[in-house]
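Participant: These protein sequences, in sequence, are chains B and F.
In terms of my numbering, the first sequence opens at residue 1 and continues consecutively.
In terms of my numbering, the second sequence opens at residue 1 and continues consecutively.
Hint data in this document are derived by calculation from the structure and do not stem from the laboratory.
Keep in mind that the hints are not guaranteed to be accurate.
In silico lysine to any residue, SDA-like type, Cα no more than 20 Å apart, as pairs [unchecked claim]: (1) B:Lys657 x B:Leu601; (2) F:Lys105 x B:Asp231; (3) F:Lys95 x B:Ser113; (4) F:Lys66 x B:Asp174; (5) B:Lys657 x B:Arg594; (6) F:Lys117 x B:Leu601; (7) F:Lys40 x F:Thr28; (8) B:Lys311 x B:Ser383; (9) F:Lys95 x F:Met77; (10) F:Lys66 x B:Leu601; (11) F:Lys75 x B:Leu239; (12) F:Lys95 x B:Val487.
Here's the letter readout for the chains.
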Amino acid sequence: MDELTSVFIQEGREQLQAMEAGLLELEQRPDDHDNINGIFRAAHTIKGASGVIECHFIESFMHKVENVLDRLRNGEIQVSGELAGLLLRCCDHLGILMDVLAAGIAEPAAEVSLAGDALQGELAAHTSDATATAGGSVVEAEADVEASGGGVVNTDSWHISVRFGPHMLRGGMDPLSFLRFLASLGEVLAMETIPDAMPAAAEMDPESCYLGFEIRLQTRSSKADIERVFDFCRDDCELRILPPNSKLAEYVKLIRELPEDDMRLGEMLVRCGALTQSELDEGLLSQQQVRLPADAVAPPQPLGEILVEHKVVQKEVVDAAVSRQAQVHEKKAVEARLIRVQADKLDQLIDLVGELVIAGASANLLAQRSGQGELVESTSILSRLVENIRDSALQLRMVQIGETFTRFNRVVRDVAKELGKEIDLVISGAETELDKSVVEKIGDPLMHLVRNSMDHGIEPGDVREARGKPRRGRVELNAYHDSGSIVIEVVDDGAGLPREKILRKAIDKGLVQPNQTLSDQEIINLIWEPGFSTAEQVTNLSGRGVGMDVVRRNIQGLRGSCEVASVEGSGTTFTIRLPLTLAIIDGFLVGVGRAAYVIPLDMVIECIELKGNSAERDFLNLRGEVLPFVRLREMFEVDGERPARENVVVVQYAGQKAGIVVDQLLGEFQTVIKPLSSIFRHLRGIGGSTILGSGEVALILDVQTLVQRNARREERDMNTPAMLRSTSQN
Amino acid sequence: MKTIFLVDDSATILLSISNILAKAGYATEKAASGEEAMRKFQAGVKADLLITDLNMPGMNGIELIKQVRKLPAYKFMPILFLTTESQQSRKLEAKAAGASGWIVKPATADELLNTIKLVLR
Numbered sequence: 001m002d003e004l005t006s007v008f009i010q011e012g013r014e015q016l017q018a019m020e021a022g023l024l025e026l027e028q029r030p031d032d033h034d035n036i037n038g039i040f041r042a043a044h045t046i047k048g049a050s051g052v053i054e055c056h057f058i059e060s061f062m063h064k065v066e067n068v069l070d071r072l073r074n075g076e077i078q079v080s081g082e083l084a085g086l087l088l089r090c091c092d093h094l095g096i097l098m099d100v101l102a103a104g105i106a107e108p109a110a111e112v113s114l115a116g117d118a119l120q121g122e123l124a125a126h127t128s129d130a131t132a133t134a135g136g137s138v139v140e141a142e143a144d145v146e147a148s149g150g151g152v153v154n155t156d157s158w159h160i161s162v163r164f165g166p167h168m169l170r171g172g173m174d175p176l177s178f179l180r181f182l183a184s185l186g187e188v189l190a191m192e193t194i195p196d197a198m199p200a201a202a203e204m205d206p207e208s209c210y211l212g213f214e215i216r217l218q219t220r221s222s223k224a225d226i227e228r229v230f231d232f233c234r235d236d237c238e239l240r241i242l243p244p245n246s247k248l249a250e251y252v253k254l255i256r257e258l259p260e261d262d263m264r265l266g267e268m269l270v271r272c273g274a275l276t277q278s279e280l281d282e283g284l285l286s287q288q289q290v291r292l293p294a295d296a297v298a299p300p301q302p303l304g305e306i307l308v309e310h311k312v313v314q315k316e317v318v319d320a321a322v323s324r325q326a327q328v329h330e331k332k333a334v335e336a337r338l339i340r341v342q343a344d345k346l347d348q349l350i351d352l353v354g355e356l357v358i359a360g361a362s363a364n365l366l367a368q369r370s371g372q373g374e375l376v377e378s379t380s381i382l383s384r385l386v387e388n389i390r391d392s393a394l395q396l397r398m399v400q401i402g403e404t405f406t407r408f409n410r411v412v413r414d415v416a417k418e419l420g421k422e423i424d425l426v427i428s429g430a431e432t433e434l435d436k437s438v439v440e441k442i443g444d445p446l447m448h449l450v451r452n453s454m455d456h457g458i459e460p461g462d463v464r465e466a467r468g469k470p471r472r473g474r475v476e477l478n479a480y481h482d483s484g485s486i487v488i489e490v491v492d493d494g495a496g497l498p499r500e501k502i503l504r505k506a507i508d509k510g511l512v513q514p515n516q517t518l519s520d521q522e523i524i525n526l527i528w529e530p531g532f533s534t535a536e537q538v539t540n541l542s543g544r545g546v547g548m549d550v551v552r553r554n555i556q557g558l559r560g561s562c563e564v565a566s567v568e569g570s571g572t573t574f575t576i577r578l579p580l581t582l583a584i585i586d587g588f589l590v591g592v593g594r595a596a597y598v599i600p601l602d603m604v605i606e607c608i609e610l611k612g613n614s615a616e617r618d619f620l621n622l623r624g625e626v627l628p629f630v631r632l633r634e635m636f637e638v639d640g641e642r643p644a645r646e647n648v649v650v651v652q653y654a655g656q657k658a659g660i661v662v663d664q665l666l667g668e669f670q671t672v673i674k675p676l677s678s679i680f681r682h683l684r685g686i687g688g689s690t691i692l693g694s695g696e697v698a699l700i701l702d703v704q705t706l707v708q709r710n711a712r713r714e715e716r717d718m719n720t721p722a723m724l725r726s727t728s729q730n
Numbered sequence: 001m002k003t004i005f006l007v008d009d010s011a012t013i014l015l016s017i018s019n020i021l022a023k024a025g026y027a028t029e030k031a032a033s034g035e036e037a038m039r040k041f042q043a044g045v046k047a048d049l050l051i052t053d054l055n056m057p058g059m060n061g062i063e064l065i066k067q068v069r070k071l072p073a074y075k076f077m078p079i080l081f082l083t084t085e086s087q088q089s090r091k092l093e094a095k096a097a098g099a100s101g102w103i104v105k106p107a108t109a110d111e112l113l114n115t116i117k118l119v120l121r
């Protein structure tokens, strides 16, 4: 794919998002003209750009969409739910067309083309003449009301001043026919003949035309339309067309709404209709002519002044255009401060920074061994700088989660319609930042959770009312930072998870034994089990067999975790916890036997000495709290004798505390995470590896699975004797 | 009834324009070449408007306009010529020869009739 096309695809997708966002707002606020203009602009930009890259199937489709939006913008058709829905479907189709283009296929497949044709047919219903006349008459009626109310009927007219050239009649043209034709555009309110150029009778040439006219015309036509009437005599007549007062305000408004392109003054005036192209050409010509004889160094007279002098455009309009120009320049300057960078360049930088961190650690180590004070000092300054560089480099990869969240506005709207439920989406923490690669991968699991909440969680409106809840359901998406991780919550105020049903299902599926007693939380957690689904009917939204276990696996793939809390009758909360970054972490280095392990520093709360008397148990008393712990030595089956003094690193994860028993504490350490190769994938409790300053390899502990694994093993240990007992009794 | 004189070497164009004009209530006179048109004008044919093509074998449109303008009876008759958008220089040449205006090909029936309405007395 060439560069131009890839730029177009990126720009096109951005504009498409803007369009979608605008369309969603459209239903809420149908009178928001800024919004409608925004939607139009986005569509217009896509169409224009697709023309430039010569992608005709997008161009022609967008042309139809643009036509409808144009009518909407001009108030010729009204906003309706049906229209908004149609336009949103057009957005979807455009997305498909973009995919076609991105895949490098010359033409969309037949079924895509057919879908496009069907949409175009629907669009045509909104542009056909039948609705045009209906819409047009409505606008006209409104205009009349406005006019009679404002009392501006008489003054609100075009002023046309024309002096015909002497050769008019000899060219077979009659001033009268022009005037008559003018009258067909609207109503001529007043006309005055100007015979000033008429010479004395003796000098008069009967075949020459000496007449001029001042005309007041009331019409809905544009300036260009009026000028076109005089096309045939434009070359040898003087023509001034001044817009009515109401038009002035309209021009000023149009200028403010112009797209934010770098446009020249004349272009802007022509674009909004205040100036016609030929008036502009004339103005530019006289700007050059004035300049040539004078010294070339002097700046030319501003075009705006010339145009006002020529009386082709009012000063107010020029002023508005000039200030708009300044505005756009300012905005461009801000945009120029943003740079687009290819993602793989960033990844490369992060890799290099990672190497730098490792090399820095090694230099630090050598300096300390050498015992030279100055060397130690300079390497410590160096490592502080490396740390700063690391933070800035990671910051480059951070993006706000907002974009991912806003996509759900559309999902919630569509799904709610499909389900016949009324559901609001509330978003908070959209500005929370996290690593780009995480953002990219979190979309699918989130989609599953949100759809699940809407489909299974939120009850139909009538049921909600009967339960004393507001009729409209509510789904929240929240994001916030919490001790070195980012937390994303999907909250609904629906029915909550039905424990009885879940338990029954789990027993049916053989996931639990009928006589097993489970706590409420344990029952709820059954939803994460593979192949579990309680939906009695498989809808096309959720319950497609792709269960919650897939969601959990995806999130775990990002080194995250997910939990569910639910109160029956009042709602469910899914909490996803993700690491801030995937590449580099602050680690806490510990030693067991001769091997070194790294614990992510964010999770470490404190370190204590393991007293000899708790050595045989699996928990200790931490200031009155029970703290279960894991012995790394046992868990990883490290050979060798336990040292006389062992240490416990107290870690916290998702509100749970646990201890990890190690031999030595080696201190803080900046760590670049190197993922383990796929042969080691099945290893539980190890999240990756890293290289120490000395060149040795250290394993990074996956605290979460470590703690969970320990808890599960304990459970098993406790359950087994109980079951043995029951079998022995039978 | 106004009479419009059409000159074009293409029979298709002559027919299509005269059909449009007939529907709009105009009478038409036709000629397939500049020479034929000149003969009819010299014979004093009734015409309220002349519409001519510019590119014709033999006497071309510009020459025809110049000749017609020399005849006193047609000195002030409106004359339109058929042109394509790109022929800007031809436009000026034809104007200088005495044409009143032009119709850009291909024109819709509305454009054609509007332009005729504009120049017809």
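Participant: Look at each hint and say if it fits the structure.
Facilitator: Hint check:
1. About 14 Å separates the Cα atoms of B:Lys657 and B:Leu601, which keeps this hinted pair within 20 Å; it holds.
2. About 16 Å separates the Cα atoms of F:Lys105 and B:Asp231, which keeps this hinted pair within 20 Å; it holds.
3. The straight-line distance between the Cα atoms of F:Lys95 and B:Ser113 is roughly 48 Å, outside the 20 Å bound, and the hint therefore fails.
4. About 19 Å separates the Cα atoms of F:Lys66 and B:Asp174, which keeps this hinted pair within 20 Å; it holds.
5. Pair hint B:Lys657 plus B:Arg594 does not hold up; C-alpha atoms about 27 Å apart against a cutoff of 20 Å.
6. Proposed proximity of F:Lys117 and B:Leu601 is contradicted: the alpha carbons are some 87 Å apart, above 20 Å.
7. Restraint check: the Cα-Cα separation between F:Lys40 and F:Thr28 comes to about 13 Å, which is no more than 20 Å; the hinted pair holds.
8. About 70 Å separates the Cα atoms of B:Lys311 and B:Ser383, which puts this hinted pair outside 20 Å; it is violated.
9. For the hint pairing F:Lys95 with F:Met77, the CA-to-CA distance comes to about 14 Å; that is within 20 Å, so the pair holds.
10. The suggested pairing of F:Lys66 with B:Leu601 is violated, with an alpha-carbon distance near 96 Å, which exceeds 20 Å.
11. At most 20 Å may separate the alpha-carbon atoms for a hinted pair to count; F:Lys75 and B:Leu239 exceed this at roughly 26 Å.
12. For the proposed pair F:Lys95 and B:Val487, the alpha carbon gap of about 77 Å is over 20 Å, so the pair is violated.
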